[in-house]
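Number of protein chains: 4
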Amino acid sequence: MLAQRFAVVRRASIDLCAGLTEADMTVQSMDDASPLKWHLAHTTWFFETFLLIPCSPNYSPFSADFAFLFNSYYEAAGPRHPRPLRGLLTRPTLPEVLAYRAHVDDAMAFLIEAAQDDATLALIDLGLHHEQQHQELMLTDVLHLFAQNPLRPVYRAANPAQPATAAPVLGDLHDWVAVNGGRFTVGHDGNGFAFDCEGPSHDVLLRDFALAAQPVTNAQWCAFIDDGGYRNPALWLSDGWQTVQREAWEAPLYWERRDDRWWRMTLHGMHPLDAHAPVSHVSYFEADAFARWAGKRLPTEFEWEVAARGTATHGHFADSLWLDPLSGANASAARLRQMFGSVWEWTASPYMSYPGFRPAAGAVGEYNGKFMCGQFVLRGGSCVTPAGHIRATYRNFFYPHQRWQFTGLRLAEDR
Amino acid sequence: MLAQRFAVVRRASIDLCAGLTEADMTVQSMDDASPLKWHLAHTTWFFETFLLIPCSPNYSPFSADFAFLFNSYYEAAGPRHPRPLRGLLTRPTLPEVLAYRAHVDDAMAFLIEAAQDDATLALIDLGLHHEQQHQELMLTDVLHLFAQNPLRPVYRAANPAQPATAAPVLGDLHDWVAVNGGRFTVGHDGNGFAFDCEGPSHDVLLRDFALAAQPVTNAQWCAFIDDGGYRNPALWLSDGWQTVQREAWEAPLYWERRDDRWWRMTLHGMHPLDAHAPVSHVSYFEADAFARWAGKRLPTEFEWEVAARGTATHGHFADSLWLDPLSGANASAARLRQMFGSVWEWTASPYMSYPGFRPAAGAVGEYNGKFMCGQFVLRGGSCVTPAGHIRATYRNFFYPHQRWQFTGLRLAEDR
Amino acid sequence: MLAQRFAVVRRASIDLCAGLTEADMTVQSMDDASPLKWHLAHTTWFFETFLLIPCSPNYSPFSADFAFLFNSYYEAAGPRHPRPLRGLLTRPTLPEVLAYRAHVDDAMAFLIEAAQDDATLALIDLGLHHEQQHQELMLTDVLHLFAQNPLRPVYRAANPAQPATAAPVLGDLHDWVAVNGGRFTVGHDGNGFAFDCEGPSHDVLLRDFALAAQPVTNAQWCAFIDDGGYRNPALWLSDGWQTVQREAWEAPLYWERRDDRWWRMTLHGMHPLDAHAPVSHVSYFEADAFARWAGKRLPTEFEWEVAARGTATHGHFADSLWLDPLSGANASAARLRQMFGSVWEWTASPYMSYPGFRPAAGAVGEYNGKFMCGQFVLRGGSCVTPAGHIRATYRNFFYPHQRWQFTGLRLAEDR
Amino acid sequence: MLAQRFAVVRRASIDLCAGLTEADMTVQSMDDASPLKWHLAHTTWFFETFLLIPCSPNYSPFSADFAFLFNSYYEAAGPRHPRPLRGLLTRPTLPEVLAYRAHVDDAMAFLIEAAQDDATLALIDLGLHHEQQHQELMLTDVLHLFAQNPLRPVYRAANPAQPATAAPVLGDLHDWVAVNGGRFTVGHDGNGFAFDCEGPSHDVLLRDFALAAQPVTNAQWCAFIDDGGYRNPALWLSDGWQTVQREAWEAPLYWERRDDRWWRMTLHGMHPLDAHAPVSHVSYFEADAFARWAGKRLPTEFEWEVAARGTATHGHFADSLWLDPLSGANASAARLRQMFGSVWEWTASPYMSYPGFRPAAGAVGEYNGKFMCGQFVLRGGSCVTPAGHIRATYRNFFYPHQRWQFTGLRLAEDR
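Quick note, the sequences are listed as chains Y, X, P and G, same order. Counting in UniProt numbering, the first sequence runs from 1 upward without gaps. Counting in UniProt numbering, the second sequence runs from 1 upward without gaps. Counting in UniProt numbering, the third sequence runs from 1 upward without gaps. Counting in UniProt numbering, the fourth sequence runs from 1 upward without gaps.
Among the hints, a few may not be true.
[To be verified] Selected chain G positions facing chain P (in silico; Cβ < 7 Å):
1. T21
2. N71
3. Q148
4. D196
[Said to hold, decoys possible] To be clear about the criterion: a stretch of chain X counts as covered by chain Y if any three or more of its residues have a C-beta under 8 Å from a C-beta of chain Y, and this derived list gives those stretches:
5. 13-26
6. 65-75
7. 86-96
8. 365-372
[To be verified] Per label pair, the in silico range of CB-to-CB distance:
9. X:L321 to Y:R246: 50 to 58 Å
10. P:G19 to Y:A223: 52 to 60 Å
11. P:A363 to Y:A76: 46 to 54 Å
12. Y:M30 to X:R415: 51 to 59 Å
13. Y:A12 to X:A248: 43 to 51 Å
14. X:A248 to P:D203: 53 to 61 Å
15. P:D175 to G:E96: 42 to 50 Å
16. Y:M30 to G:D319: 56 to 64 Å
Source of the hints: derived by calculation from the structure; they are not laboratory data. Positions of the beta carbon are idealized from the N, C-alpha and C atoms, including for glycine.
For reference, chain Y alone in the conformation it holds in the complex (with noise of 0.2 Å):
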C-alpha cells in the first residue's frame, strides 16, 4: 500500500532524530554535508514542488518562502539559498519544519489517494527513494558534525553493543572468487524502481576476473599504513598524492590514535579498531592506492554488478542497532561476502551515462545527469543505507576525494 509506505518512510526520518537538539540539527559541519533539520525539509519540499504544486489543484503551499531555502540544487525549480549557508538558517525553527512536513504529509495522503495515472506514482516512488537517500545522509552528517566536537557525543547508544560474534572470518588477500569474460547485459532492465542513471541496461565486454571473497579490513589497512602507505607516492594517482600532503592524511578519517592504538569515531562514540570489520571512510583516492599496494586493483563497476548477481540483496543495513560496519564474522557465508551493506565500495568507473542514457524532462532530469564528471561509482550500500533502498545496479557516486560517507572497497584482479 502506498499510503502506508509513504507513511513509514516519512516516519524514517524523524526517527533519525530522537536524542538530538534542535542545535545539532541545524548547524553545517562542512560545505558537503547538510543540517539535518535542512534534510527534514527538502524531502518535503521535494513532494511538494514536484507533486502538490503541479498536480493538487487546490494545495496551498507552507510558506513562499520555503521554495528558496531547501532546494537543493535544482536550476529549473529557481534560484536556492546557496548550500555552504545551510548552517545559518536557525529559522525557521524545527517545530515549523516539522509543521511543514505535516502540512505535506496531510496533502500528500489525499493525493496518493486520488493519483491513478503512472506518471504521477512514479514521482511519489522517487520522492520516497530521494528520501531515503537523504537517511543515509542525515546519518553521516551527523557523524561528520559530532566528530568535529572535542566531545565527540554519542550519537546513539550502543546498547546492545555490536552483536557478538562467531570466530572471526579472517579476509586475507589470497580468498578470491573468479568469474569468466564474456558479453554481459548490465543496467536495470526497468522492472520495479530504479534512478535514472541505472538505465539503459546494454552490453558490455568482461574479461576474466576475480573479486576478493570480503571487503579489504581495517587489519589490512593497519598493513598498508605501517608499511607507509601514505608516505610512498609511487602508490598513489597524482591528484591523490596532492591530496594525501595537503589534508596530512594518515589514516582513513575518524581515525584517532590514543595511547598507541587507534581509535575510531563512530555514531556510538569512540571504539577501538575493529580489526575484522571492513575499512571505511576511505577515499577514492587511497582504495585506488591501497590496490596498487596490493598488487590489486578495484573492479569496475560492472564487474561488480555481475558478480554481484544471484547474491541476494541482504546485509546489515541500517535498521540494525549497531550503524557501524560488523566484522566479517557475522557477514553471511555467501561466496562473496559482504557485497551489501556494511561499507559502500569503491569501483574504477567513473560515473558516466550508459549509453541511450537521457534524462527526465523538467527539473526532475536533474536528478543525477548534471554529476556525470569527476566522480566514480560505488556499489552495494552501507550499514546506514535503509535497508530495501539497494539493489545490484544501483549506482553510488563520489568525488575522488570524499570519505565522510561509509565507504571501503573490495579488491579484483585479473585470471
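Keeping the supplied structure of chain Y fixed, place chains X, P and G upon it in accordance with the hints.
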C-alpha cells in the same frame, strides 16, 4: 553590594536570550562573531578560571573539557578550541551551559562573601565588566546571524515602537562645538574601574579644534552615496578602496535597497531608513572616506575625550526597548549631542598603548595589550552597550574593515 | 636514421624560440603553463636522467642542481622544484640551458651510435616523442603568456597570412557520417611507437552512431553564445556551471569583444574571428554544454577511433606557417574532415586505463598512469602538434576546466 | 646643478642592473616586489606623466600603452595594470624600456633647462627622490627573487669582501643613551626637500627615555631564537602570533640552517651569519616580540627623531661595495651607533598623518597619504638606501608582517 551586582549582571546575559531557540544560540555566522551559547559559557569560564580555581580551594570545576572549549584567546590559560569552529559545538547543550553558569554562580556567591583582598575584588569587577562587553557582542552577533537569514527574523518585537519624536533636529555639517587647544591630561586616573588600556593617564598636546555637534546621520550618508562616494577612489585609503572593491560595498552593512528605498536590517527586523538617526555599521574605511568627502576629518581619541569632559554619560543604551540608534531629535539637549550611546564613534587614533603601559601579570594580562596593532579606537558606547558600562576614557577598538558593531562617526576640523 | 631524427627533433625545439627574448622564455603565466626555457631544459633532463646516467658509464652530468630544477613530476627520480615556481628560475640563464642541451646532445650522439638493445632504443624514441609533446606545450604556453600582456604581442608574423581559401564549406549540424555498431578492437596494436596508455588493444562494443563531418565552427559557437548558452544552467554539468560562474566565462578563451565584433588572440596576434574555422580553446565543460544545446552529444573515444580508421593522418599541423585552426574550406575532402590537426577534439571518455594496462617499470612508469583520474580524452592533434606525432590511437587528456590548449569538438549522435 | 644631478640619479638606476639578464629584470617574485625592468619604466613614467605631459607642450609620449602599464598606484592618473601581474610583462622588452628612458631623459633635459617656477623644480626634485626610493626597492626585490632560486645566485660579487673589522664592539642590552623628556618640535621644518608626510612640524611631549646605543645584533637575535622566542605566544601581538604560525617563521627572512649553523642569503650570495652585524629582515611583529622578550620596548618615531638630532646622517649606505649590514665594529664611534644606514629601524609608531597634514593637489597627492593605515614607521635608512637620500625626519613605512626590506630594530626603555 557586590553580590547583588554580580547577580544582576549575570542575569542580564540570560535575559538577552529570551525568545531565542537553542539553535539561534549555537550557530556562528562568521569568524568575528560567536554563538550566544558560547558567550554564556565563556563569561562563566572567566570566573571559573581566574577566580574560582585559583582562589577557592574547595571549588570543583564543572567539566574538565570546558577549559578547552570556552577559552577565547588566553594563550597562558592553555590550548583552546579554534575560534572559527565555535559554531560546531552543539554539545554541551544549552541546558548544560546553564547548569555550568549556575554551578559557577553558586561558587562565586561564596567567594564574593569571603573575598577581602583588593586583588580578588578587582578581578571580580573585571569579570563583570568583561561580561558586559560580551552582552554587547551577543546583540551584535545575533543581529549578524539573523541578517544572513533570508527570512530576516526579528530578535525583539518593536513594541512599543521607536519613541515618538519631536520635530527632528536636522544635523548639518555646520553645527560645531569648538575646543581650545593646550596641554591636557588624558586617560583614566585610577579612580573606579577601568580597563588596563585606559591608563596610565598622561599629558598630550592638542591644537584648537572643533567637533560636530552630533554624529553623522543616515541622511548625510545618503548624500555621500548619491555623490558617488563608494565609487571614487580619491576619497579612500588605499586599503579601504581595495576592501570596497573586493566586498562590493555600496552602503553601510545591513542596508538594503527595496523598491528604490533604503531599508535596514535591525534587531527589530527590517525597517525603513530613519533619515535623522546616526549612521551605524560603517567601517573605519568608510568613516574616513566620508570625512574626506565632507572636507573634514575624524577626531583623535584625545580630542574626543577632552571634548567629552563635562558631558554626562547619559544616552541611549541597551536598557532601552529600542535596540537601534535613535534619531537626533531624541538626543539630550547637550551641547555635544549623542556623545554617549547610539553609536560608537570611530576616531583617527590607532589603538596603541599609552606611555608607561604595563599589562597585568598572568593570563589576565592578555586582556588588551596583545591587540594593539592594526586597530582603531572608538569612543562613546552604542545603543547595545549596557547602561553604566561606559566612560569618557573607555577605548573600544576594531579593525578598519569591521562593521558588524554599531559603529558610526562624528566629524572634526582644525580651528 | 635515429641520429638524424634525434637532431631534427631537438633542433625543432630551438627553432620554436626564434624571435623570443630570454624573458619571454623565462616567465610562467599560470600554474598549468611552463616557461619555454624550462621546456628546453626538462626535455634535456629526460635524456640525461633516463638514458645517459643509467646507460653511459662515462657520462658526466652537466650540473648536479638540474636534476632538482628540471624534473617535472617523476617522484621516483627524486625531489623536484615546485611547478608553480618554475617562472622564478631566471638562473640558470638561457645560454646555460643551451649549453646543457649541447652537452647532452653530444653525449646522446655517442649513445645512439652505440645503442643496440631494444630497450634503449625504445627509451630514446620515447624521449623524442616526449620532446614533441613539449613542443606543442611551448606554443600553447607562449600564447597564454602573450595573451596576458595588454600589448598582445605577436609570436610569429602572419606572413604569408592564412592561405587563401576556396569558397567555404559551410558546416552545419546536419552533415553526418554514420558508422555501424559492432564489436571492434581498439587501442594500439604494438606496431610502431605508442605511449603506454594507448594499449593494450582490446575489444569494445559500439552501437550505431554518426559523427559530424567536421568540427564545430566559430560561427556555430556564436549561435550558442547568442542563444544564451553561457547563461543557461540547464545546458551545463553541475561542475561546469560552477566554473562558468566563478570564472565569468562568456566565450572561449582568447575571444575578445571589440566594437561589437569578436576578435581572438592568436600566435599571430589579434585577429577577427574566422567564422568557418573550428572553434578552439573551449573546455570539456563548454564542449559538453554545446553538444547538449545542439541536441547531440560528444563521441566516446572509441567511436572517434573507429570512425577515424582509414582516414589518413594528414591535416593542419605545426609545420604550417599558420599556427591557428584553418577554416573548413582548406580541409581535405575526406568524408570526415579535419579529423587530424587544427583542434584536439574532446571526447566523452574519462581518461582511464585500458583493461590489462601495466605501467612501465621504473620512473618512466609515471609517464601516464598516475594521471588517470578526473581528466577526459582528446583525439586527433591540433595546429600546434608536430606533424608526424599523431595517431588514430593517440590519447591526449586534460581536466574538464582547462582550455589553454587548442581544444575543440566534433558532435556525435546515436543512430 | 639640477641637470647633472638628474643625470646622476637616473644613471644610478641603470648601474644597479649590471650583471643581470633581461629575465632577471622581468620576473616578479611576489606581489610586494616588482621587476627591475618595471622599476626602470615606472620611474620614467613618473617624469613623463607629472612633468613632461603637463609642462612640455611639444612633448610626444613614447607610447600610449605605457601610461597603463607603468602607473603604480595613482588612481587619478587613470587605470593601471594590476600589480601582481607586473611580472608577466615580457614586452615591452628591456631595450624598449631603455629607449623609453632615453626618450624621457632627453625631453627632461630641455625641461630642466627651461624650468623656472618653483612648482616644477619641486616636482623634478620629487621625481628624483622617488627614483631613489625605487633604487632601494630594486635591490630588495632582486634579493627576494634570487632567494627563491635554489641556486641562490649572487647579485654582486663580494670582492673585496666585507671590510676587515677591528675588534668587534659587542653590543649588549645594557649599553644605553638616555634622553631627557620635554616638549619637542618634530617633523620637517620645510628647509630642503622632504616628502609630504614628514610635515607639518609640530610639538610633542616626550617622557624621559633611553635608546640602545646600537641596533639589535644577530647574536642577540640568536639568543631570542634559542630561548624559544618563536614558540612562545606570550611574547607576541595576537596578529603577530597568527602570522608566526601561518608562515611557520622560525628565524628572520633569508636565514637558513645548514649543518647546525645559520647562513643568510644576501646580495652577495649565501654567507655565514655575522654575529655582530645588526639583525635584518625582521618584521614589526618580530621586532616587537624581541623587545618584549628583552623586557624593553620599541621607541616611538619621535623618540627616535629627537635622539637622532645632532647625529650626522653618515653611515653604511648603498654606495658601499658591501650591500649588507655591517658588523658593529665598523660603525662610527658616535654615541648612538648606526642610527643611519645598515638597517631601517622599526618604531612603535603607526604611520599616521601629522596634525594639519594636507596632501598635495592632483595625482601627486596620492604619494603618501592614502597609505596611512595599518603600517608602522621606520627610521634611519639601510645599507641599500642611496647615500644622501636619508634625513632624521624621514618616515619609511611598511605593514607589520613585511620583512623583505632591510629592517631591524633598536630597543628603547622608559627612564
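Each hint, compared with the structure:
A least Cβ separation of about 5 Å between G:T21 and chain P falls short of the 7 Å threshold, and the interface hint therefore holds. The interface hint given for G:N71 is violated, since its Cβ lies 12 Å from the closest Cβ of chain P, which is over the 7 Å cut-off. Interface restraint check: G:Q148 against chain P, minimum CB-CB distance 5 Å, threshold 7 Å, status holds. Here the hint on G:D196 is broken, as its CB sits about 31 Å from the closest CB of chain P, past 7 Å.
Against chain Y, the region 13-26 of chain X contributes 6 residues with a C-beta closer than 8 Å to a partner C-beta. That satisfies the three-residue criterion, and the hint holds. Residue count for the region 65-75 of chain X with a Cβ under 8 Å from a Cβ of chain Y: 3. That meets the three needed, and the coverage hint holds. Counting residues of the region 86-96 of chain X whose C-beta sits closer than 8 Å to any C-beta of chain Y gives 8, which meets the bar of three, so the coverage hint holds. Remark: the region 365-372 of chain X is not confirmed as covered by chain Y, as 0 of its residues place a Cβ nearer than 8 Å to a Cβ of that chain, below the required three.
The hinted window of 50 to 58 Å between X:L321 and Y:R246 holds, with their beta carbons roughly 52 Å apart. In this structure, P:G19 and Y:A223 meet the distance hint of 52 to 60 Å, their C-beta atoms being roughly 58 Å apart. Under the hint 46 to 54 Å, the C-beta atoms of P:A363 and Y:A76, about 50 Å apart, fit the expected range. Between Y:M30 and X:R415 the Cβ separation comes to about 57 Å, which falls inside the hinted range of 51 to 59 Å.
Checked against the hint of 43 to 51 Å, the pair Y:A12 and X:A248 passes, with Cβ atoms roughly 44 Å apart. Range check, X:A248 to P:D203: Cβ separation about 57 Å, and the 53 to 61 Å hint holds. Separation of P:D175 from G:E96 is about 49 Å and conforms to the stated range, judged on CB atoms against 42 to 50 Å. Taking 56 to 64 Å as the suggested C-beta distance range, the pair Y:M30 and G:D319 conforms, at roughly 58 Å.
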